[in-house]
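Chemist: Let's have the full structure, built from the sequences with the hints guiding it.
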Amino acid sequence: MPTCASCGTNNVEGTKFCVSCGAALAPSPGAWRSPTDELRGQPSSGGASQSGALGGGYPPSPSTPPTYAPPATAAAPGAMFGMPAGGDMSFATMRYAEWIDRVGAALIDGFLTAAVVIVMYIIFAVIAGGLGAVGGEEAAFSIICFGILITTISALGLGLYNKVFLVNKRGFSIGQGIMKLKVV
Numbered sequence: 076m077p078t079c080a081s082c083g084t085n086n087v088e089g090t091k092f093c094v095s096c097g098a099a100l101a102p103s104p105g106a107w108r109s110p111t112d113e114l115r116g117q118p119s120s121g122g123a124s125q126s127g128a129l130g131g132g133y134p135p136s137p138s139t140p141p142t143y144a145p146p147a148t149a150a151a152p153g154a155m156f157g158m159p160a161g162g163d164m165s166f167a168t169m170r171y172a173e174w175i176d177r178v179g180a181a182l183i184d185g186f187l188t189a190a191v192v193i194v195m196y197i198i199f200a201v202i203a204g205g206l207g208a209v210g211g212e213e214a215a216f217s218i219i220c221f222g223i224l225i226t227t228i229s230a231l232g233l234g235l236y237n238k239v240f241l242v243n244k245r246g247f248s249i250g251q252g253i254m255k256l257k258v259v
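Going by our numbering, the sequence shown wraps up at 259, each residue one higher than the last.
Keep in mind that the hints were calculated from the coordinates and are not lab data. Bear in mind the structure is a predicted one, so any value in this text is a computation, not a measurement. We treat Cβ as the ideally placed atom computed from N, Cα and C, and that holds for glycine. Fair warning: there could be bad hints in the mix.
[Unchecked claim] Cβ pair distances, simulated, as ranges: (1) Gly-252 - Leu-231: 16 to 24 Å; (2) Ile-175 - Ser-217: 39 to 47 Å; (3) Gly-246 - Trp-174: 14 to 22 Å; (4) Cys-220 - Ala-98: 42 to 50 Å; (5) Arg-177 - Lys-244: 17 to 25 Å; (6) Ala-181 - Glu-88: 48 to 56 Å; (7) Ser-217 - Arg-177: 50 to 58 Å; (8) Val-259 - Ala-214: 48 to 56 Å; (9) Glu-88 - Leu-224: 51 to 59 Å; (10) Gly-211 - Leu-182: 21 to 29 Å; (11) Val-258 - Phe-186: 14 to 22 Å; (12) Asn-243 - Gly-97: 44 to 52 Å; (13) Lys-244 - Ala-208: 41 to 49 Å; (14) Glu-173 - Gly-205: 46 to 54 Å.
[Unchecked claim] With a Cα cut of at most 30 Å, we get these calculated DSBU-like pairs of lysine-lysine: (15) Lys-257 - Lys-244; (16) Lys-238 - Lys-257; (17) Lys-238 - Lys-255; (18) Lys-255 - Lys-244.
Modeler: Given below as structure tokens:
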């Protein structure tokens, strides 16, 4: 049962990370057991074992220590930051975006949302104005309230779609795509 070196918690065999603190656990080399007399070709019936003089009846330690796998070599440069080895290194060598590029992308995203809001307000205002001109003031007020509600929900939906869904799916929003930025 591996024990965490950071917090001392006993973890289940085969886990790679501590269940309490999340620290990486040292790989356990497995339990080494000494070979039995049958494996060495000696009969196990009768008589004392070779190591009876040592006490406890344990077989002698093997002359050669068990071999372990050599430690892994350093990862290939393409494997850094979760990229496949030998893959495209363009992200690893990309420069960081300047603040003006980020502000420009945010302004484009904001103008896009504002344009949708303004167009929807104009549509609902024209409909409400037409109803108010023919004498349906209560209907015009209802259309204005409905328009404000629908426009607010649409602006929120567009913002979430642009800043959450598209960034998660493609790595950039509409404004970031126009400014040639990518979230890595």
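Chemist: Each hint needs a verdict: does it hold in this structure or not?
Modeler: Now for the hints, and whether the structure bears them out:
no., hint, result
1, Gly-252 - Leu-231: 16 to 24 Å, "holds, 21 Å"
2, Ile-175 - Ser-217: 39 to 47 Å, "holds, 45 Å"
3, Gly-246 - Trp-174: 14 to 22 Å, "holds, 20 Å"
4, Cys-220 - Ala-98: 42 to 50 Å, "violated, 56 Å"
5, Arg-177 - Lys-244: 17 to 25 Å, "holds, 20 Å"
6, Ala-181 - Glu-88: 48 to 56 Å, "holds, 50 Å"
7, Ser-217 - Arg-177: 50 to 58 Å, "violated, 42 Å"
8, Val-259 - Ala-214: 48 to 56 Å, "holds, 52 Å"
9, Glu-88 - Leu-224: 51 to 59 Å, "holds, 57 Å"
10, Gly-211 - Leu-182: 21 to 29 Å, "violated, 40 Å"
11, Val-258 - Phe-186: 14 to 22 Å, "holds, 20 Å"
12, Asn-243 - Gly-97: 44 to 52 Å, "violated, 24 Å"
13, Lys-244 - Ala-208: 41 to 49 Å, "holds, 45 Å"
14, Glu-173 - Gly-205: 46 to 54 Å, "holds, 48 Å"
15, Lys-257 - Lys-244, "holds, 11 Å"
16, Lys-238 - Lys-257, "holds, 12 Å"
17, Lys-238 - Lys-255, "holds, 15 Å"
18, Lys-255 - Lys-244, "holds, 16 Å"
Hint check: violations occur at hints 4, 7, 10 and 12; the rest are consistent with the structure.
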